[in-house]
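Colleague: What follows is the residue order along each chain.
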Amino acid sequence: MRVLVCLKQILDPDVPARDFQIDPEARAAKRGGANLVTNIFCENAVETALQFREAAGGDVKITALCYGESSAEDCLRKAMAMTVDEACLVERDGNTNPDAAAVGRVLAAAIRRLEQDGGPFDAVLVGRESGDWGVGQTGGVLAEELGRPALGFVESLQPGNGSVTLRRQTDVGIEVAEAEPPFLVTITNNEDNVPRIPKTRDVMMSYRKPLQKLGLADLELDSEEVRAGSSIFEVEEIFIPADEVECELAEGDTLDERVDQLAKRIHEVVASIG
Amino acid sequence: MANVAVCVLGSLGYDRAAQGAAGAGRALAESVGGELHALVIGPAGDDAVAALATVADRVVVGANEALRDYQPEQALQAAEQLHAAGGGDYVAVLLSNDTYSQEIAPRLAHRLGGSSMADAAAIRMDGDHLLAQRTAYGGKAISIYRLKKQPAVVWLRARGFEPAPGQQSAGEVTSVDLALDAPRIRITGREVAVQEGVRLEDAQIIVSGGRGLGGPEPFQELKKLADSIGAEQGASRAACDAGWVPPNWQVGQTGKKVAPELYIAIAISGASQHLLGMGDSKVVAAINTDADAPIFKHCSFGIVEDYKAVVPLLTEKLQAIAR
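Those protein sequence lines, which keep their order, are chains E and Y.
Using the numbering used here, read the first sequence as starting at 1 and increasing by one per residue.
Using the numbering used here, read the second sequence as starting at 1 and increasing by one per residue.
Check before you lean on any hint, since a few could be wrong.
What the hints assert, rightly or not - Pairs of lysine-lysine residues, derived as DSSO-like cross-links and limited to a Cα-Cα distance of at most 27 Å, are as follows:
{"id": "1", "chain 1": "Y", "residue 1": "Lys317", "chain 2": "Y", "residue 2": "Lys224"}
{"id": "2", "chain 1": "E", "residue 1": "Lys30", "chain 2": "Y", "residue 2": "Lys297"}
{"id": "3", "chain 1": "E", "residue 1": "Lys264", "chain 2": "Y", "residue 2": "Lys297"}
{"id": "4", "chain 1": "Y", "residue 1": "Lys308", "chain 2": "E", "residue 2": "Lys264"}
In case anyone wonders, no lab produced these hints; they're calculated from the structure.
Only chain Y is shown next, with the shape it has when bound in the complex (with noise of 0.2 Å):
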């Protein structure tokens, strides 16, 4: 019997994130004829344990009160109690893109004696492998690979992939006592930062500012063109690096993977790494001066000009049309 597990964190609950997770994990439990288990790492709300009942064979809960503020070396402790528990037979244990997924995926896969690999965007099994898609070289290129150790410890672009279906029948719902080291590294504070509306990640239209804006100002001017639109604000690395706003803007590889219908681009050249962060958006519309940016091959629409001349005209009427 082999089986796919989804390794959720209770914390976060069952968001689109875990719903695509559960998703891509249901596909290829389907491709092995084996089960969908749901290893859920602390405390979580009953909603999201019963909505796990509906997509998953089985799940299994380590509700420890330690767990509930996450705590890398707990969580990873319980990680691989709940793989036991849940019977160990994995040909796959697929997490999450969060932060605590993606810095759990490696150190889990080494204590399961099995492979990892980071964001990937499509999964299939290939005798006792499991080839992951994912893009390589700041997304010049896109690599796939073969992961030769069982279990396939592998953290997905989530939200690329379909929900899980509901299955006729809820599966089973167990809970399990985890036994955990005090950990010598803990987390002692956590300073939220102030998110007007929805996550990025989870934004319907994007409006993004780069480098070519030359400082912090101009910001001030595209929220007004997001506010007119109901948009939410992302900036590529070079401005979130020169301080001009927070990290938690940064649209791109190392910054935020988004998926949003609309996605504006403002004084961005479109630098791969920054393409690999709004690829999956629906439609991209860019402003820019430079006709010869990349990010015009990679958009639907778009206007070769500079943003200090289009932005606030652009607000008007679009706030015209809006009344």
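Isolated chain E (complex conformation) (with noise of 0.2 Å):
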């Protein structure tokens, strides 16, 4: 079997928010000292698929595919150190913050590509959304441009019989699914799919492993088409909000006196809804 895992490079989301700024000529945030890292929910992705190779014994193949800066190498490498097999880079060409369905394009395009060179993607996992924009609509768009089934905010995927069993998240529970292959999923977390720490030897090993880099000619796509041609969004505007308040803290010289005055509080608060 192959599965494709695809990742996203991002501004480390835990930046504090005192240190966050905009810079309002690229209506996106500024780099600042802030880390590129891999999109958290892309890493549980690439956790999730090396334990459904686990599961299935071995005979799966796993590509790490990313459509970014050349600095994505890093979030392929990394992936590749946690022994996914092999990895493909598409260079974003100047498009510095493409939308879901130029993202989603780029990625269907590279997909047929590689399923060319090296047989088909039984399964395609994306993460449900990245820490930075959060627009989270890149999975729906590449299951539609791939023309695949997709199921969203699945935490496991399972061999079964010709089948893969899926498990995912919803407002009211687990919901279990049967999947017959080629099929998309978003990949949500849970405390079973944290990503592991590569060894040190896996990470000497990573820089052995096939990189392949591409272009968007070599997909023969147009990058002013993509950039603009395509688009279905754009950012008009961004602000920091100001919605900081004055908290009241309460006061006493004793803890029970504190603690009495935040119960009373709280019984205001709780009477009042009745």
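Assemble the dimeric complex from its two separately framed chains, guided by the hints.
Modeller: Encoded structure:
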């Protein structure tokens, strides 16, 4: 079987709010001193794919794919250090903030190209949303571009008899589904797909694994058409909200007095609800 | 003629989220001088259809039995066909923020040649384009997106919108027979999480615990506090990821978006991603050892103290007041 995992490189989302700034020209966050990291749900997807390979007894080849800047090579190397088998980077060609339609089109073209060379992907895994813009549309768009069925918010894949068993999170609990390959899933996190820390030896080995680089021209895509022609949305405005409020802290000489004050405030609100 | 559609899943009925989506739809329809249509995916209760008819100018129901239990591929096909059956001339197709609507939205937009957007807190038309406001960068920023293609297919932070007002005359209800293929991904089982009380999204009071609790046991202590004031329990992502409590307790960017009258955050520092999930709470109270924790910039009142010392005493006092 072949499994593909899509990765996105983003600004570290754990940058504290006080260090966060907007670049009004670019209508995006300023890089500042922030690191570039792999989006966490994409790393959950890598981990989920690795666990699927282990459960299937090893006969699964995993490819990582990214449409990003040349710096995104780091994300792909890290995925290979986590023991993904091979990787492909499609370089962005100046389109700094592509929308979901652009990303979906490019990823679909790259997937078809990789399938021509190495056979079909039974499963395509995409993170449910990114930690930067968090729009969460790429998986759905990609499923449609590929014409494959899809399921969102999946937390695990288990090999079945000619099909794959999926578990996913919904508002009301867990759903179990049977999927006939080829299909696409978006991956969410749970306590079992926390990304593994690569072993030193695997980090060394990752540099010997194949990392293919492609440009849009290799995929017979026109960069201007991808940038503007098929775009479905753009950022009109972005700003930092000023929503800090004054907090009234419980006061008093003893803990009992302070907690008493807190209890009274809580009771006031509760009583007002009725 | 330009109309607005609100897409409702029959199995979920005309709940608070659907009411909010319909309210947003009515406001948008008025702004473009068009009608509001409700597209109902799957069999719905008579009361839900009747309620939709009081707020929409037209209700189109695809009541195929195959849609009784949600299947993503078939629900998507249904939405596409209901869109056509309703006339297809929609500037926007609006959905609620349940899991199913969230996964359908981008795919439906793609099939209709439109634009999709997620988790919109406010929407309005600007010429032919819909502008959608939402958070970005894990709640650190607010962004406004221009959706360039019609229809704009948007799932909304639906409970944040006022319910649609009733109309003078009931909308026309039509039923459509849909052509559905056998899906290649089929949901075969549901393990509905045992949920005591109401859904977190609908809760009036929530007591949430975070990383600072250090393990699963303290949630028992928080439960006593919650019980004393009739609250539901929630948690931060850190607590859910650690497996201390089930994933469906998670409040935050990638968890539940809650809007209670009172939200009590215990041992939660207040990362922007968490604030994003609880930002619509009317009153927020915090218990935390760190006076510099961001949560204290987003609460009405609080106490800088170890929860271990505060929670049992607080529970005792609240129980005494209740008596």
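Colleague: State for each hint whether it applies.
Modeller: Structure-based check of each hint:
1. Y/Lys317 <-> Y/Lys224: The hint holds at about 12 Å.
2. E/Lys30 <-> Y/Lys297: holds (23 Å)
3. E/Lys264 <-> Y/Lys297: holds (21 Å)
4. Y/Lys308 <-> E/Lys264: Holds: Y/Lys308 and E/Lys264 sit about 19 Å apart, inside 27 Å.
In this structure, every one of the numbered hints holds.
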